[in-house]
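Participant: Top line first, the protein sequences correspond to chains A and B.
Counting in UniProt numbering, the first sequence runs without a single skipped number right up to 188 at its last residue.
Counting in UniProt numbering, the second sequence runs without a single skipped number right up to 188 at its last residue.
To be clear, the hints were calculated from the coordinates, so they are not data collected in a lab.
Incorrect hints may have been included.
To be verified - Below, computed lysine-lysine pairings styled on DSSO-like, alpha-carbon distance capped at 27 Å: (1) B:Lys121 with A:Lys51; (2) B:Lys51 with A:Lys182; (3) A:Lys51 with A:Lys121; (4) A:Lys121 with B:Lys182; (5) B:Lys182 with A:Lys182; (6) B:Lys121 with A:Lys182; (7) A:Lys121 with A:Lys182; (8) B:Lys121 with B:Lys51; (9) B:Lys182 with B:Lys121; (10) B:Lys182 with A:Lys51.
Stated by the list, open to error - To give a feel for the contact side, a few chain B residues facing chain A, derived at Cβ under 10 Å: (11) Glu118; (12) Ala146; (13) Ala188.
Treat the numbers as computed from the prediction; the structure is a model and nothing was measured.
Idealized CB from N, CA, C, for every residue including glycine.
2 protein chains.
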Amino acid sequence: MARWEPNARGRLEEAAFELFAEHGFEQVTVAEIAGRAGLTERTFYRHFADKREVLFPDANPLVTGLAEALERAPEAPHPIATVAAVLEDAGGFFADRHAYSRRRNAVIAANAELREREAVKLALMADTLAGGLRARGVPDPAASLAAEAGIAVFKVAHARWVADPEPRDLRELMRDAMRQLKAVTAEA
Amino acid sequence: MARWEPNARGRLEEAAFELFAEHGFEQVTVAEIAGRAGLTERTFYRHFADKREVLFPDANPLVTGLAEALERAPEAPHPIATVAAVLEDAGGFFADRHAYSRRRNAVIAANAELREREAVKLALMADTLAGGLRARGVPDPAASLAAEAGIAVFKVAHARWVADPEPRDLRELMRDAMRQLKAVTAEA
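Turn these sequences into a full structure, and let the hints steer you where they fit.
Facilitator: The structure is reproduced here in structure tokens:
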């Protein structure tokens with residue numbers, strides 16, 4: 001009989017992050033995560049396929065959020081304006097996640113396989129953004145290039161944001177990175 | 001006793017590509033690749049750790065080539081000029097590889113895991129480029145953004161190049177993509 005475990009998913013995430021930070025991702029077992037959370041392995045597997053899914057959920061909320069932000073974004077005269085609107089919208093997702101993102105980033109930075117997963121996630125975000133722009137009638141290669149530009153801005157701004165122990169506004173860092181990308185490419 | 005097998009690596013690559021195209025990457029075994037090439041499995045494993053390495057060599061020639069092109073690139077007033085010089089240089093690598101690249105691309109496009117490896121390779125290329133720009137004294141975030149812009153240009157131009165059955169000049173497609181990226185970000 002499954003008992004109702006209040007916030008089991010959140011407790012498992014918290015326990016996993018603690019253990020990853022203490023021992024490194026590779027060393028930690030699902031049994032240890034469940035034990036630290038005061039839950040069973042069976043409960044763990046009701047929420048996650050494996051320990052990697054704690055860091056990279058199957059239905060990635062960031063990718064889903066991007067797709068939804070694209071649907072909400074107002075009509076814009078240029079694809080990069082749509083991309084900027086989507087990044088502003090996505091910035092809200094991170095508003096209260098600075099401490100969490102710093103911990104997650106430290107775990108990922110320490111493991112080659114997880115760094116690769118992060119690269120794959122960013123590529124998926126770029127594909128999602130490019131597909132959304134095409135659906136709005138933006139032709140290629142402008143759609144792909146505007147999407148890649150947006151993800152470059154996100155990647156660079158997010159890296160600066162998690163590197164800083166002080167929680168700054170990620171949206172400001174993204175606006176700044178977009179300005180700098182514009183200045184960099186203007187010299188091409 | 002190892003016999004000397006003339007161009008064993010090239011024959012194994014050719015056999016692997018044929019079999020991947022015929023049956024799909026997942027279905028093909030190393031024994032089949034070696035058999036098609038008229039070589040032993042042992043010979044295969046002298047050249048490749050596994051069948052994936054036929055498509056993604058450990059010391060990726062493109063990543064190595066980028067690093068070398070960065071060393072050769074002349075002093076430039078702006079990081080994007082260095083990136084453009086590196087892309088021109090890298091374009092030479094692809095000059096006689098259109099048919100090969102189209103076959104490789106078809107195999108990769110058909111397999112989710114291989115598409116992920118390709119995303120990881122592009123991220124590694126961006127890191128290599130950013131590191132080279134930093135080594136030339138370009139500060140961050142300009143170094144990261146110029147590198148990401150260069151890889152976005154490469155990715156979009158390369159995708160157009162392999163999509164076209166006619167072999168065009170990849171360097172021209174990269175110049176065109178760079179112009180379009182500049183136009184896209186100018187509206188930010």
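Participant: If you check each hint against the structure, which ones fail?
Facilitator: 2, 10
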